[in-house]
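Novice: The lines below spell out each chain.
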Amino acid sequence: AAGVIQSPRHLIKEKRETATLKCYPIPRHDTVYWYQQGPGQDPQFLISFYEKMQSDKGSIPDRFSAQQFSDYHSELNMSSLELGDSALYFCASSRDHAEKLFFGSGTQLSVL
Amino acid sequence: QKEVEQNSGPLSVPEGAIASLNCTYSDRGSQSFFWYRQYSGKSPELIMFIYSNGDKEDGRFTAQLNKASQYVSLLIRDSQPSDSATYLCAATTGGFKTIFGAGTRLFVKA
Numbered sequence: 002a003a004g005v006i007q008s009p010r011h012l013i014k015e016k017r018e019t020a021t022l023k024c025y026p027i028p029r030h031d032t033v034y035w036y037q038q039g040p041g042q043d044p045q046f047l048i049s050f051y052e053k054m055q056s057d058k059g060s061i062p063d064r065f066s067a068q069q070f071s072d073y074h075s076e077l078n079m080s081s082l083e084l085g086d087s088a089l090y091f092c093a094s095s096r097d098h099a100e101k102l103f104f105g106s107g108t109q110l111s112v113l
Numbered sequence: 270q271k272e273v274e275q276n277s278g279p280l281s282v283p284e285g286a287i288a289s290l291n292c293t294y295s296d297r298g299s300q301s302f303f304w305y306r307q308y309s310g311k312s313p314e315l316i317m318f319i320y321s322n323g324d325k326e327d328g329r330f331t332a333q334l335n336k337a338s339q340y341v342s343l344l345i346r347d348s349q350p351s352d353s354a355t356y357l358c359a360a361t362t363g364g365f366k367t368i369f370g371a372g373t374r375l376f377v378k379a
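Chains as they are written, first to last, in the numbering used here: chain X, 2 to 113; chain B, 270 to 379.
Hints should not be assumed to be uniformly reliable.
[To be verified] Distance ranges between label pairs, derived from CB positions:
(1) S338(B) to D97(X): 25 to 35 angstroms
(2) P40(X) to S321(B): 30 to 40 angstroms
(3) Q349(B) to H11(X): 30 to 40 angstroms
(4) S81(X) to E326(B): 46 to 56 angstroms
(5) S80(X) to D324(B): 39 to 49 angstroms
(6) D63(X) to G285(B): 22 to 32 angstroms
(7) E272(B) to D97(X): 33 to 43 angstroms
(8) T21(X) to K378(B): 20 to 30 angstroms
(9) K336(B) to G85(X): 33 to 43 angstroms
Please keep in mind that the hints were generated in silico from the structure rather than gathered at the bench. Quick reminder that beta carbons are idealized off the backbone N, C-alpha and C, glycines included.
Make the full structure from the sequences, and use the hints.
Specialist: Spelled out as structure tokens, the structure:
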């Protein structure tokens, strides 16, 4: 069965650089979520999209932006990277909001 | 107060015992509740979901929901060393987001 695909798996950036993370949801899933998980921390909700529109926003810094495209894939853009942005970034998709989430393998971002 | 609270553990149980994991939530409007298992460095994997008050059983797992007490639990029967992981409780809010608890680390000793 198709799963949520994230790319890249690993990303190394320097402070003040920009990064773009991509997420391809499971086919026919119309809701995409982005989470940030620091070492030993629980996943922190960043932002979600439903039918290509932003549906909810969590603790996402103003330096970050995201969008969902016509093919339902989503991109998380991160600018002016800081050391504290180093974390595992998960994308998840669901058939509908309030439904069970299926997670991608995550992108490990390291900011040096 | 976090929206979803869990004991961080670690919870240690012997192989074959019942592991009991607990969770409380603050948003009375939450309708859907989930338990995810996460191995270190891996993505969370859904193991149980529950929407109605009462118990829901799936194999060795039983989820329990009490909306009046805003309480969700997960029982793992016949615990195995492979069950050792972090278990994340999650609840949907009135909006389009699922909020996770901090997770409970479970160790099953062989």
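Novice: Given the hint of 25 to 35 angstroms, check if S338(B) and D97(X) actually sit that far apart at their C-beta atoms.
Specialist: Holds: the Cβ-Cβ distance is about 27 angstroms, inside 25 to 35 angstroms.
Novice: At the C-beta level, are T21(X) and K378(B) separated by a distance inside 20 to 30 angstroms?
Specialist: About 44 angstroms separates the Cβ atoms of T21(X) and K378(B), which means 20 to 30 angstroms is violated.
Novice: Is the distance from the Cβ of P40(X) to the Cβ of S321(B) consistent with 30 to 40 angstroms?
Specialist: holds, 36 angstroms
Novice: 33 to 43 angstroms was suggested as the range; check whether the CB atoms of E272(B) and D97(X) agree with it.
Specialist: Because 21 angstroms falls outside the window, the suggested range is violated.
Novice: So the hint says 30 to 40 angstroms: do the beta-carbon atoms of Q349(B) and H11(X) match that?
Specialist: holds, 31 angstroms
Novice: Tell me if the beta carbons of S81(X) and E326(B) are separated by a distance inside 46 to 56 angstroms.
Specialist: holds, 49 angstroms
Novice: For S80(X) and D324(B), compare the CB-CB distance with the range 39 to 49 angstroms and indicate the outcome.
Specialist: Given range 39 to 49 angstroms: holds, Cβ gap about 48 angstroms.
Novice: In this structure, is the beta-carbon distance linking D63(X) and G285(B) contained in 22 to 32 angstroms?
Specialist: With a Cβ separation near 51 angstroms, D63(X) and G285(B) fall outside 22 to 32 angstroms, so the hint is violated.
Novice: For the hint 33 to 43 angstroms, verify it against the beta carbon of K336(B) and that of G85(X).
Specialist: Distance hint for K336(B), G85(X) holds at roughly 37 angstroms.
In this structure, the hints that do not hold are numbers 6, 7 and 8, in rising order.
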